[in-house]
Amino acid sequence: MDAITRRKFLVTSGVTGAAALAAGATAFGLRDILATAGERDPGAKTLVLVTLYGGNDGLNTLIPYGDPAYAAARPGMTYEPEALLPLDDGFALNPGLPGLHKLYHAGGLAVVRGVGYPKPNRSHFQSMDIWQSAQPDRPGTTGWLGRWLDTAGGDPRLAVSFEPVLPPLLAGATSAGATVPGGTLSLPGGVDPAVVAGLGTAAPGESPAQARAATCFADLMRIQDLMKEIREGAPDDDTDDGEAPATATGGAAPPLDRQLALVARSIEAGAATRVYSVSMGGFDLHADGKEAQQAQLERLDKPLAAFAERMAGQGVVVAVYSEFGRRVHANASDGTDHGTASDVLLLGDGVHGGLHGEAPSLTDLDDGDLKYTVDFRDVYAALLADVLGADPQRTLDGWKGRLTGVLT
Amino acid sequence: MTDRRQMSHLLRRLTFGPTAAEVDAAVRAGFDATLASLLRPAAAVTGPDLGADPVTELAAGATREQRQQARKQQRDQVAVAVRWWMARLAEGGAAEKLTFFWHGHWATSVRKVRSAQLMLGQLATVRRYGAGDTGPLVRAMLRDPALIIWLDGQKNTRKAPNENLAREVMELFTLGLGAYSEADVKAAARVLTGWQVDRATGTARLMPKRHDDQPVTLLGRTTTFDIDSYADALVQHPAHVPFLAGRLWARYASDTAPVPSSVAAAGRNTTTLIEAMSRAPEFTATAGTLVKQPVEWLLGATRQLGVRIGDLETAQQQRLVGTLRALGQVPLSPPSVGGWPAGTAWLTTASTLTRLKAGRQLAALAPAATDRLTGADRVDALAEMLIVDAWTDRTRKALSGVEDPRRLLALGLASPEYAVH
Numbered sequence: 008m009d010a011i012t013r014r015k016f017l018v019t020s021g022v023t024g025a026a027a028l029a030a031g032a033t034a035f036g037l038r039d040i041l042a043t044a045g046e047r048d049p050g051a052k053t054l055v056l057v058t059l060y061g062g063n064d065g066l067n068t069l070i071p072y073g074d075p076a077y078a079a080a081r082p083g084m085t086y087e088p089e090a091l092l093p094l095d096d097g098f099a100l101n102p103g104l105p106g107l108h109k110l111y112h113a114g115g116l117a118v119v120r121g122v123g124y125p126k127p128n129r130s131h132f133q134s135m136d137i138w139q140s141a142q143p144d145r146p147g148t149t150g151w152l153g154r155w156l157d158t159a160g161g162d163p164r165l166a167v168s169f170e171p172v173l174p175p176l177l178a179g180a181t182s183a184g185a186t187v188p189g190g191t192l193s194l195p196g197g198v199d200p201a202v203v204a205g206l207g208t209a210a211p212g213e214s215p216a217q218a219r220a221a222t223c224f225a226d227l228m229r230i231q232d233l234m235k236e237i238r239e240g241a242p243d244d245d246t247d248d249g250e251a252p253a254t255a256t257g258g259a260a261p262p263l264d265r266q267l268a269l270v271a272r273s274i275e276a277g278a279a280t281r282v283y284s285v286s287m288g289g290f291d292l293h294a295d296g297k298e299a300q301q302a303q304l305e306r307l308d309k310p311l312a313a314f315a316e317r318m319a320g321q322g323v324v325v326a327v328y329s330e331f332g333r334r335v336h337a338n339a340s341d342g343t344d345h346g347t348a349s350d351v352l353l354l355g356d357g358v359h360g361g362l363h364g365e366a367p368s369l370t371d372l373d374d375g376d377l378k379y380t381v382d383f384r385d386v387y388a389a390l391l392a393d394v395l396g397a398d399p400q401r402t403l404d405g406w407k408g409r410l411t412g413v414l415t
Numbered sequence: 002m003t004d005r006r007q008m009s010h011l012l013r014r015l016t017f018g019p020t021a022a023e024v025d026a027a028v029r030a031g032f033d034a035t036l037a038s039l040l041r042p043a044a045a046v047t048g049p050d051l052g053a054d055p056v057t058e059l060a061a062g063a064t065r066e067q068r069q070q071a072r073k074q075q076r077d078q079v080a081v082a083v084r085w086w087m088a089r090l091a092e093g094g095a096a097e098k099l100t101f102f103w104h105g106h107w108a109t110s111v112r113k114v115r116s117a118q119l120m121l122g123q124l125a126t127v128r129r130y131g132a133g134d135t136g137p138l139v140r141a142m143l144r145d146p147a148l149i150i151w152l153d154g155q156k157n158t159r160k161a162p163n164e165n166l167a168r169e170v171m172e173l174f175t176l177g178l179g180a181y182s183e184a185d186v187k188a189a190a191r192v193l194t195g196w197q198v199d200r201a202t203g204t205a206r207l208m209p210k211r212h213d214d215q216p217v218t219l220l221g222r223t224t225t226f227d228i229d230s231y232a233d234a235l236v237q238h239p240a241h242v243p244f245l246a247g248r249l250w251a252r253y254a255s256d257t258a259p260v261p262s263s264v265a266a267a268g269r270n271t272t273t274l275i276e277a278m279s280r281a282p283e284f285t286a287t288a289g290t291l292v293k294q295p296v297e298w299l300l301g302a303t304r305q306l307g308v309r310i311g312d313l314e315t316a317q318q319q320r321l322v323g324t325l326r327a328l329g330q331v332p333l334s335p336p337s338v339g340g341w342p343a344g345t346a347w348l349t350t351a352s353t354l355t356r357l358k359a360g361r362q363l364a365a366l367a368p369a370a371t372d373r374l375t376g377a378d379r380v381d382a383l384a385e386m387l388i389v390d391a392w393t394d395r396t397r398k399a400l401s402g403v404e405d406p407r408r409l410l411a412l413g414l415a416s417p418e419y420a421v422h
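In order, the protein sequence lines correspond to chains A and B.
Read in order, the letters of the first sequence correspond to residues 8 to 415 in this note's numbering.
Read in order, the letters of the second sequence correspond to residues 2 to 422 in this note's numbering.
Next up, chain A with everything else stripped away, as it sits in the complex (with noise of 0.2 Å):
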């Protein structure tokens, strides 16, 4: 138990999984990604999924304010009508979100409401397992696109994270996704390359962790001249970590307009790539997590609606999710404590706006948090179906539901 728990909630933390590394995950340079430009079916649609760790809390993303529960339930934490950017029937979004505000306006921003799970989990990092393996009775080893990919013929450059290790979501069973790290990773001086490459031999009988250390050297001689093309999405990473008001919980990766950037490039360059998981983290905000949270919201919300703009007429779909929502009512220290249902935002080519699934009640509540009302594999279900072309039971587990009228 202990070994499994610690090792589960580290592949969460942004941590790679074993299964992943059996599988030969391993790190591509930007040009192997871009070299696959001319393989796709030119009608092929592209999914990016935005993943939000620490628990994003949905009824501040979506602002229930014609609701007279939700003022009730949050003091404190509530905005005055005129600060929120109204939509339609009561709901409004938060005034961290103008881009988005001014996508679903133009129609091209879908918000489902109160999707989750049954018996939800109201742990980080076994709730994110949940999420990213799509088996909320027992998450596995492989996550729901990792399978996709097992399904699609498995090359990895068909699922691809920009993020410094790959996300779970991504390890399938017999393949896994791409990560392609950000930065440049040249060899430096008086290194002798064929030492390295020599470094990178393997072995017999050594450990498989041992195996592993070699197997990095033959990566960088793979991509070392490669990654000087990544110029965009160099990090300036050598400076401090400055500060956070949220407990970490994961999602340690290059600032999420670098990430999309780089999604931007691959998808103009037509690569192959049919999914990318990019990534953000800091919502875990159980004190003062008004100013916070919108804060975290603006960072989303300015690189996520040029991105929507750049990425116009091109077939890319965006879902964004987190591993649950927070708790209904606030607690004292003007934050909220973990929960469940949520929102999932959908935007990019063929998604009809507006708002769909029915909105939890505020006051019917399931020991304090909301009751979902939309099952997340319904929506993964039409993702699959509708972006990717593929059948969603084949990677859901038989799963039968999907979401209508959302996407075309």
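Simulated from the structure, these hints should not be mistaken for laboratory data.
Incorrect hints may have been included.
Derived EDC-like pairs (lysine to aspartate or glutamate); straight-line CA-CA distance at most 16 Å [as the list claims (entries may be wrong)]:
id : chain 1 : residue 1 : chain 2 : residue 2
1  : A       : Lys-126   : A       : Asp-374
2  : B       : Lys-160   : A       : Asp-341
3  : B       : Lys-187   : A       : Asp-373
4  : B       : Lys-160   : B       : Asp-134
Fit chain B to the known structure of chain A by using the hints.
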């Protein structure tokens, strides 16, 4: 396994980077005497003199500029504390390695706590209680100001309990998932209400007005709990010792092999658990299978190269911290309340490159070490210096053509054999 290899293994796992002289001494002393000396309790440690936390000294009406100035001083103090601890970790033997284990276990980040004084206070607490029965440790940690701030405990009140601390204490620090229910989280949050941190004095105390003193049902018992009876219920829970044994085993022995039953059978005392682990035949079998954490890799290298971190100039120490940042493990800043990553997660192309670059910097700091790598037997001398049991033919071949001793040392430090222990 020869005595020498067994001693090397024990010292590599229980300390940071044993030197050849230390392995020689251990072989002479024998296993029992070596283990006994490794398990000796920590000597008292005097921390750096940081002075007061400047933010706590701000007057009520401080200007924006004054606040910014105080925050900058606070960050400078944190940098001093990190450099001090890095040097201390390298000097402190097995006892300080255990302090580092607990730091990663009760993973608290200065990025939210901000005060170097409170972070050093937490380290002092785990130094004081971390080698013994976990009961006093858990009691002390529940009152630890840095932990309380990190997990929002100071904002947890009777009127609206904040569950962050209560949940992570059970999930990550004492019991593990599956040993408690959501109702237990809510009940425990109520028990912990009212504990307030006074940043000026660096202490936590119970504010009765904010505390919920009503009976709760917690871990199967309905009564009026206080912070100590809650701590006691946690350490007496049947899941606690197996959980802790698993965490120790994962860091000291193997993150893939199962925990031998003999370890948890040793009971609730951390030193006893480590002793049982060290004596288990399964422990010996894990040699060469565990990926070094970046702190283990870097501090171990400085020790084996004869570089005393405390004697380096500030700028050189800062470069070492920069290496740890590039490798993803800066002491006092764990990335998640779940602690540091483990295993092959540390092995990436980026970290390999960083080790190559850092290896060159380290080699430049250690002329005495590179002087020993000039002879025809230099590849063997390198293994002896770095306490690598044996090079694979692959690595021996790659290194044999390298004559420049600095380059040879840098490559040895970056090699696959030195990435694991």
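Among all the numbered hints in the text so far, which are the ones the structure does not match?
-> 4
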